[in-house]
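Novice: In the working numbering, the protein residues as written are 7 to 389.
Since the hints were derived computationally from the structure, they do not count as laboratory data. The model shown is predicted, which means the values in this text are computed figures rather than measured ones. Heads up, some of the hints might be wrong.
What the hints assert, rightly or not - Restraint ranges, calculated between C-beta atoms of paired labels, are given here:
id, residue 1, residue 2, range
1, Arg297, Ala251, 33 to 41 Å
2, Ala251, Pro181, 16 to 24 Å
3, Asn51, Thr110, 16 to 24 Å
4, Pro325, Thr96, 55 to 63 Å
5, Leu328, Ala121, 55 to 63 Å
6, Gly305, Ala98, 44 to 52 Å
7, Gly336, Ala250, 16 to 24 Å
8, Glu353, Ala251, 21 to 29 Å
9, Leu274, Ala16, 48 to 56 Å
10, Ser118, Pro153, 36 to 44 Å
11, Asp225, Ala311, 54 to 62 Å
12, Leu370, Ala122, 35 to 43 Å
13, Pro153, Thr183, 40 to 48 Å
14, Thr183, Ala251, 56 to 64 Å
From the three backbone atoms N, C-alpha and C, an ideal C-beta is built for every residue, glycine too.
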Amino acid sequence: MTVLQISLLAFPVAYAAVMVWLRSGWDALLNAESGMKHEESVDDNSELKFSVLIAARNEAEALPQLIRDLVAQTLPAAQFEVLIADDHSTDATAALVAAAARETGFTLRLISLPAAQTGKKAALQAALQAARAPWLVCTDADCRLGPGWLAAYAGLMMQKPSANFISGPVLLTGPDTFFAALMGLEFAGLVGVGGACLARQYPTMCNGANLAYRRTAFDAVGGYLDNNHLASGDDEFLLHKMHAAFPGTAHFLTDAGAIARTAAPPTLQALLRQRVRWASKWRHYQSGASRYLALLVLGANVALAVGAVAGLCRPALWPWVLAGWALKLGADAWLLGPVLGFLGRREWLWGLMPLQVLYAPYALAVGLAGLHGGYEWKGRAVR
7 MTVLQISLLA FPVAYAAVMV WLRSGWDALL NAESGMKHEE SVDDNSELKF SVLIAARNEA
67 EALPQLIRDL VAQTLPAAQF EVLIADDHST DATAALVAAA ARETGFTLRL ISLPAAQTGK
127 KAALQAALQA ARAPWLVCTD ADCRLGPGWL AAYAGLMMQK PSANFISGPV LLTGPDTFFA
187 ALMGLEFAGL VGVGGACLAR QYPTMCNGAN LAYRRTAFDA VGGYLDNNHL ASGDDEFLLH
247 KMHAAFPGTA HFLTDAGAIA RTAAPPTLQA LLRQRVRWAS KWRHYQSGAS RYLALLVLGA
307 NVALAVGAVA GLCRPALWPW VLAGWALKLG ADAWLLGPVL GFLGRREWLW GLMPLQVLYA
367 PYALAVGLAG LHGGYEWKGR AVR
């Protein structure tokens, strides 16, 4: 075996080993959820109180649907309040929330940011300062929530009374197109890896569209203070800090009733802007697990692309190239099978091969753009 042959397989073998390890974590999550659902006794959760925090900027079109979803929650209205922080919207967002507050059965409050404050973290911080409950639950203004969303959080909190941070599942929705399916598959992979890493207690990623944290833990780790200068990362930086300060108290919520649904970016340009925004925080990670996983994923995908080129130049290498591809795609399918089953999108598995072909140039382009640090979000240029 030559050095070149070994190099073609090194990253795919390491990647496959990690995916198998993560699959066992995901299986443990599903088994724990199944056990919870079959318990005969149900504890009283009437003492659990939630403040739902939503940052909104120009969301007048999406907010009515979200508010209807919150009205439909099975958790009693007395157990939660909703605070929508308006980040200097130029549409009817503020007026819409003010009008809805007079009609909902739960407490709904509009928080307006001062002129000197902008951005999602500032909006969430303003809402948090006005919040009254010991648990803060975050979602986005353009999300759709099932009626059991808050009840699912309450259920896990009863099972894990020492919890300080809970990451919830997110599903991309959109038209039944090739492009939308590939976006959904990639995003499902992020959800699956994030949940499995939490099960293994090596937290890497979560999504601010669906998460909850204990207020006292947020204060204890200093909230957003040490990364307040970064426009992105209100979710993952907080997860990493809470895990470091309170090991073993961050969990993933594997309850289908807790899935937050959000529309996929409508165009390739919008997708790239979103992914560059996410990638811009990578170089600021303090978590070793997140850095190592990102490098492993990038290395495995680049190795497959390089292998394909090498096979065209040296046909004798094709057995090694194909072995690398089989390892990588097999590992992806092994992890994503139950993840997509949980999300109700198992049919997306067909997209593994086309996504793999596109992923190496896509990941490299997004990673390099993220290192540059500039992107556009909600009509603002961010550096």
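Novice: Against this structure, judge whether each hint is valid.
Specialist: Each hint tested on the structure:
no.	hint	in the structure
1	Arg297 with Ala251: 33 to 41 Å	violated (19 Å)
2	Ala251 with Pro181: 16 to 24 Å	violated (43 Å)
3	Asn51 with Thr110: 16 to 24 Å	holds (21 Å)
4	Pro325 with Thr96: 55 to 63 Å	holds (59 Å)
5	Leu328 with Ala121: 55 to 63 Å	holds (60 Å)
6	Gly305 with Ala98: 44 to 52 Å	holds (48 Å)
7	Gly336 with Ala250: 16 to 24 Å	violated (34 Å)
8	Glu353 with Ala251: 21 to 29 Å	violated (41 Å)
9	Leu274 with Ala16: 48 to 56 Å	violated (32 Å)
10	Ser118 with Pro153: 36 to 44 Å	violated (29 Å)
11	Asp225 with Ala311: 54 to 62 Å	violated (46 Å)
12	Leu370 with Ala122: 35 to 43 Å	holds (38 Å)
13	Pro153 with Thr183: 40 to 48 Å	violated (29 Å)
14	Thr183 with Ala251: 56 to 64 Å	violated (43 Å)
Comparing the model with each numbered hint stated earlier shows that hints 1, 2, 7, 8, 9, 10, 11, 13, 14 do not hold.
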